[in-house]
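Input sequences plus hints: build the corresponding full structure.
2 protein chains.
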Amino acid sequence: MRIGFDLGGTKMLAGVLDGENNLLGRSKAKTGGGGNDEVISQILEVTRAAIAAAGNPEITAMGIAVPGPIDIGLGMILEPPNLNLRNAPLAKILKQELGFPVVLENDVNAGLWGEYVAGSARGYQHVIGIFPGTGIGGGIILEGRLFRGKMGSAGEIGHITVQSDGRLCGCGNFGCLETVASKTAIARDLAVLAMNGRSPVLAAAGASDIRMVKSGLIAKALKAKDPGVAEVVQRAAMFLGIGMAAMVNTFDPELIVVGGGLVEKLGDSFLKAAETSMRARAMPRLVEGVAVKAASLSDNAAVIGAADLAGRSLAS
Amino acid sequence: MRIGFDLGGTKMLAGVLDGENNLLGRSKAKTGGGGNDEVISQILEVTRAAIAAAGNPEITAMGIAVPGPIDIGLGMILEPPNLNLRNAPLAKILKQELGFPVVLENDVNAGLWGEYVAGSARGYQHVIGIFPGTGIGGGIILEGRLFRGKMGSAGEIGHITVQSDGRLCGCGNFGCLETVASKTAIARDLAVLAMNGRSPVLAAAGASDIRMVKSGLIAKALKAKDPGVAEVVQRAAMFLGIGMAAMVNTFDPELIVVGGGLVEKLGDSFLKAAETSMRARAMPRLVEGVAVKAASLSDNAAVIGAADLAGRSLAS
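Quick note, the sequences are listed as chains A and B, same order.
In terms of our numbering, the first sequence is residues -15 to 300.
In terms of our numbering, the second sequence is residues -15 to 300.
Keep in mind that the hints were calculated from the coordinates and are not lab data.
Do not take every clue at face value.
As the list claims (entries may be wrong) - EDC-like cross-link-like pairs, simulated, lysine to aspartate or glutamate; straight-line CA separation at most 20 angstroms:
id, chain 1, residue 1, chain 2, residue 2
1, B, Lys204, B, Asp173
2, A, Lys134, B, Glu238
3, A, Lys256, A, Glu238
4, B, Lys207, B, Glu238
5, B, Lys134, A, Glu272
6, A, Lys14, A, Glu29
7, B, Lys198, B, Glu215
8, A, Lys134, B, Glu272
9, B, Lys79, B, Glu22
10, A, Lys134, B, Glu127
11, A, Lys198, A, Asp283
12, B, Lys12, B, Glu81
13, A, Lys76, A, Asp21
14, B, Lys134, A, Glu29
15, A, Lys209, A, Glu248
16, B, Lys134, A, Glu238
17, A, Lys76, A, Glu127
18, B, Lys12, B, Asp283
Here's what the structure looks like:
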């Protein structure tokens, strides 16, 4: 029995898994903003609640998926975005309190690995994962192994340039994929439609403030056939396909799995539009044999992936 | 003793190597356009001449670097560009004639591997190779191994989109890296400077015909301080850096090695301009520890790499 934990900026989720990655018990909470002590005691509470929900089995390892870059050796998050946790040797602290080994993993890598062992990517050996959300996360599985790069930061595909003279990105570069294909990119364009009244649904939801533009609202505005919304979403899907094509030409993968809240809420038509763009843009010979699938495990992906990676890491 | 062979569209080159990858004998010829029989008899002739030049040692394996995608299993070139060789099971034919095993490799992969075992990339484990020429070739070494993708086509980084609304590329896509950072991209802009007389050196060389724009001529026009030429070259270097930044963000590599005739002729200032652009564009945390080096083996890179890969392939 292993436990997987997904520590996000807004919520945290724990799950107990058996040897076949079946979820036996779960627990969750909203992530507090009070700093190291609060967040760590929340993690302990949610972890213990999940173990109790699974009937108090013996746990051999815990994997915890965290946002941003990590130092695997130190078991520490390096630059936690949207998470009030500073310089905490998280793995060490949790191990002391819980009594079993704890392994950190980047949340995008954990989510992709979950899809690989138990979701859409099962059975493939060369897989690229793309997760459009506030930014765009990426993960890489080559020859059946997670590829992390020289310091664990490989897969920042949200920051490849697709418009060399494009908009300023949060990373300091211009025209990154994130600036045109993320939920934030969509929100920025929709805010104008909300402000100028072209989309009543968005206006009613106060979407001129881009913080109000959640994936569910975008889906609702699309369904209402608000003028302009379809065009904005279609344009983001087109750009997402350009990023996917870059991955096809670079990695020659078997599968691109696309996940995250945006894809879950906008559904098949969004993914199909991105795939169409990808197939028009990638080299024909390379893209021919590439499958595109939606991620299938949703919130459980990172939980399952983190638990599985922790188990493997301790077995090796 | 192994023999490495670089089969190009304009010339072919063979070299005999000892166990430490020292070149003991070489031979070369201009590649003929007469079709399978002529090209194959040329390959045999040049191979035998190189063996003779090395003092007729016993050869255990031959690696042959060829342009374009290959079928490693069939030992066959799939879509040979600029090479009149159709549906030839090259490895099999050469083995029959020469009496030792022959292994095919894509020429960009072979060249990068040569730099890895005997040139600029020695001692690194995560290396991206970029070779701007008529197009832009790319090669990938991860954890000390050549990464080929699901069917041997990984590394087509000349065809990642950097200008989503850019020029039509030969591959059918728009705004590929090749359309703005290759020798062909430079030639296209310089042809205008030749035609309108802004560059006397280019005009005198008949460079309004882009086939006349070789790397050496670009270097000569730069040295003559022809107005406009520096700007065109600088712009290509800037775009090359954008492509390099995409590789940094995607792979988190230790080293980017840049080679090919353009870099050899334009020298350090061109590479420095590309590196400056790369460092401005890539994510700061990722690019900090990345080295950029010029390839050091020139024409010998693919010969050495092909021989070394053939030796390893037969040993495993």
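Cross-check of the supplied hints:
1. Simply put, Lys204 (chain B) and Asp173 (chain B) have alpha-carbon atoms about 16 angstroms apart, close enough for the 20 angstroms limit, and the pair holds.
2. Our distance criterion of 20 angstroms between C-alpha atoms is met by Lys134 (chain A) and Glu238 (chain B), whose separation comes to about 6 angstroms.
3. Distance hint between Lys256 (chain A) and Glu238 (chain A) is fulfilled; the C-alpha atoms sit about 17 angstroms from each other, no more than 20 angstroms.
4. Proposed proximity of Lys207 (chain B) and Glu238 (chain B) is contradicted: the alpha carbons are some 33 angstroms apart, above 20 angstroms.
5. Straight-line distance between C-alpha atoms of Lys134 (chain B) and Glu272 (chain A) comes to about 12 angstroms, which keeps the hinted pair within the 20 angstroms bound.
6. Between the alpha carbons of Lys14 (chain A) and Glu29 (chain A) the distance comes to roughly 12 angstroms, so the proposed pair stays at or under 20 angstroms and holds.
7. Note on Lys198 (chain B) and Glu215 (chain B): the hinted pairing holds, with a Cα-Cα distance of about 17 angstroms set against a maximum of 20 angstroms.
8. Between Lys134 (chain A) and Glu272 (chain B), the direct Cα distance comes to roughly 12 angstroms. Compliance with the 20 angstroms bound is thereby established for this hinted pair.
9. Annotation: proposed proximity of Lys79 (chain B) to Glu22 (chain B) holds, straight-line Cα distance about 17 angstroms (limit 20 angstroms).
10. For a cut-off of 20 angstroms, the pair hint linking Lys134 (chain A) to Glu127 (chain B) stands: about 9 angstroms separates their Cα positions.
11. Only pairs whose Cα atoms come within 20 angstroms are accepted, and Lys198 (chain A) paired with Asp283 (chain A) is accepted, the gap being roughly 16 angstroms.
12. About 19 angstroms separates the Cα atoms of Lys12 (chain B) and Glu81 (chain B), which keeps this hinted pair within 20 angstroms; it holds.
13. Pair hint Lys76 (chain A) plus Asp21 (chain A) holds up; C-alpha atoms about 14 angstroms apart against a cutoff of 20 angstroms.
14. This hinted pair does not check out: Lys134 (chain B) and Glu29 (chain A) have alpha carbons roughly 44 angstroms apart, beyond 20 angstroms.
15. Under the criterion of a C-alpha separation no larger than 20 angstroms, the hint pairing Lys209 (chain A) with Glu248 (chain A) is consistent with the structure, at around 19 angstroms.
16. Among the hinted pairs, Lys134 (chain B) with Glu238 (chain A) is consistent with the structure: their alpha-carbon atoms are about 6 angstroms apart, no more than 20 angstroms.
17. Using a Cα cut-off of 20 angstroms, the hinted pair Lys76 (chain A) and Glu127 (chain A) is violated, with the two alpha carbons roughly 31 angstroms apart.
18. Under the criterion of a C-alpha separation no larger than 20 angstroms, the hint pairing Lys12 (chain B) with Asp283 (chain B) is consistent with the structure, at around 11 angstroms.
In summary, the structure is inconsistent with hints 4, 14 and 17 from the numbered list given earlier, while agreeing with the others.
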